Amino acid sequence: MTTSLKFRTNLNCNTCVAAVKPHLDNEPSITSWDVDIAASEKTLTVHGNDVSSDKVRDAVAKAGFKVLNQLESVSSQRSEETLTEQPTATTYYPLILILAFLIGVVTLLELKSGGIAWGRAMSNFMGGFFLVFSFFKLLDLRGFADSYQMYDVVAQRFRSYGYAYPFIELLLGMAYLTGFQPVLTNVVTLIVMSISAFGVLKSLVAKRKIRCACLGTVFNLPMSTVTLVEDALMAGMAAFMLFIGSHNQVGLDHNPQHFFEKDRINMQTPALHHHGAHHKDKNVHLPTSLFVAGETINPAGQPSELRLMLKSGDGTVIKDFETTHDERVHLVIVRNGLDTFAHLHPQIRSDGNLVVQYAFPVGGIYRLYADFQPKGESHNTASTIVDVPGESPLAPELQVNVPGRVRGEDWIADITLDTEADGRESIIRFALMDAQGQPIQSLMPYMSARGHLQIVSDDGNHYVHSHSLDHEPRNSSHVVSFHATFQKRGIYKGWGQFRVGKAIRVVPFVIDTRSQS
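Residue numbers (this note's numbering): 96 to 612.
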């Protein structure tokens, strides 16, 4: 027969409750129990099969406390109703509100960055989650430790763990938001949240009615399936990021399958790479893929040793490259919004790994374009996308300024275009001048050309790398021309690169090919 008994006690705090817990748990006739220390009578409610007041008194007395008197004995029918009563949405309003705020803030941050990057969004959410929840726990550290000891399997054995737990959450929150050692952070989160979830599950199976300590003692939230889902969700997110990281975070490796292919873009269209007077490349390129080792991407402002790999369409690692314009691989890096630009040349290891040093200036989504020529084959280009942690300011809106006069790094350039009727083929001509408007007469070869030109569409899906044409009119040493093929009509940003002495000057510009035909 199931019986429910209520008693007035002198259990005044969570420490008192923790003290009687092992004695009540070990009483075979008691199936579940709860103490309401907020009530004036410090009510102890006990449910069990053939449980008696004497057994309850004895169990409480073993911990050094007293049952002052019995309040009532509840019938079996009423007991069932009490046990099956479910918390309502109102009960969890504080928790729902906090989670809604966290999701909202993370969404706004992602939109500010120009698009949702799920890895970064999950890290920011988990960081905010741990910081907020640790804050509430630290408001009453002793009260939290008392409540947590009621159900956590580690805190039951080592009370100090209950005191340390809020600080563990605080450190995890800081680690997620700063990008500190993501693998270690996710492993610790997985272990800590799994242990917590196990303790919650044990309490739910035993149908114990105790307070959830997730928000400390500020809110009186009952232990329920919601608590289990909360812990399991955080453990699951950590496991998911570890799974992604196992594909995305590797060191130098002979096995290309250890590299994670992120949103691959295969550049297969003709005339993407132009040399001198060669206006069109008729070769058909096989699909190629660019892979990046995610663990080599440090937060913005910190130097990163990027490790990359190129694979042909049949999955073979490309190890042998022709030298084109003094380099075997040209790597161009731009951020979504096209407000940053870098042109680098990776070192190529014997196993096919490409290694290059670079510090991403700001956080956000970046596109990497690798321009290369495998031995015995035609030129090709492959691209990938990486997510760089760190502050990610909104990129300025692209303003079309070509044809016209534009300013670069201490230079001025009058840029003109000679575009075919279909708007796809163009000759882009730079007339280069110094800051006072005088023609530049001292251009020097830059990687075996008078200039290099990179052009990227506003959506990042189309890329052109062009080298200067071989012949210019007489008396025009300051004029450099390039041939470009635009795969679609739209807005593009370009960067012309020129050399004077040891300095490389960059002249950026923006063109709308829809107005050029």
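Please note that a few of the clues may not be correct.
[What the hints assert, rightly or not] Derived SDA-like pairs (lysine to any residue); straight-line CA-CA distance at most 25 Å: (1) Lys101 <-> Lys116; (2) Lys116 <-> Gly214; (3) Lys297 <-> Ala259; (4) Lys157 <-> Ala133; (5) Lys101 <-> Gly159; (6) Lys157 <-> Ser124; (7) Lys470 <-> Ala454; (8) Lys583 <-> Ser552; (9) Lys116 <-> Asn164; (10) Lys470 <-> Asp446; (11) Lys150 <-> Leu197; (12) Lys150 <-> Tyr188; (13) Lys157 <-> Lys297; (14) Lys470 <-> Thr411; (15) Lys161 <-> Tyr188.
[Said to hold, decoys possible] With beta-carbon atoms standing in for the labels, derived distance ranges: (16) Arg152 <-> Phe275: 48 to 56 Å; (17) Leu234 <-> Ile599: 52 to 60 Å; (18) Ile599 <-> Thr418: 49 to 57 Å; (19) Asp607 <-> Glu417: 30 to 38 Å; (20) Glu520 <-> Lys414: 53 to 61 Å.
If you are wondering where the hints come from, they were derived from the structure by calculation, not from laboratory data.
Keep in mind the model is a prediction, meaning the values are calculated, not measured.
In this text, a Cβ means the ideal position worked out from N, Cα and C, and glycines have one as well.
Practice prompt. Output the numbers, in ascending order, of every earlier hint that fails for this structure.
Written response: 2, 7, 11, 12, 15, 18 and 20
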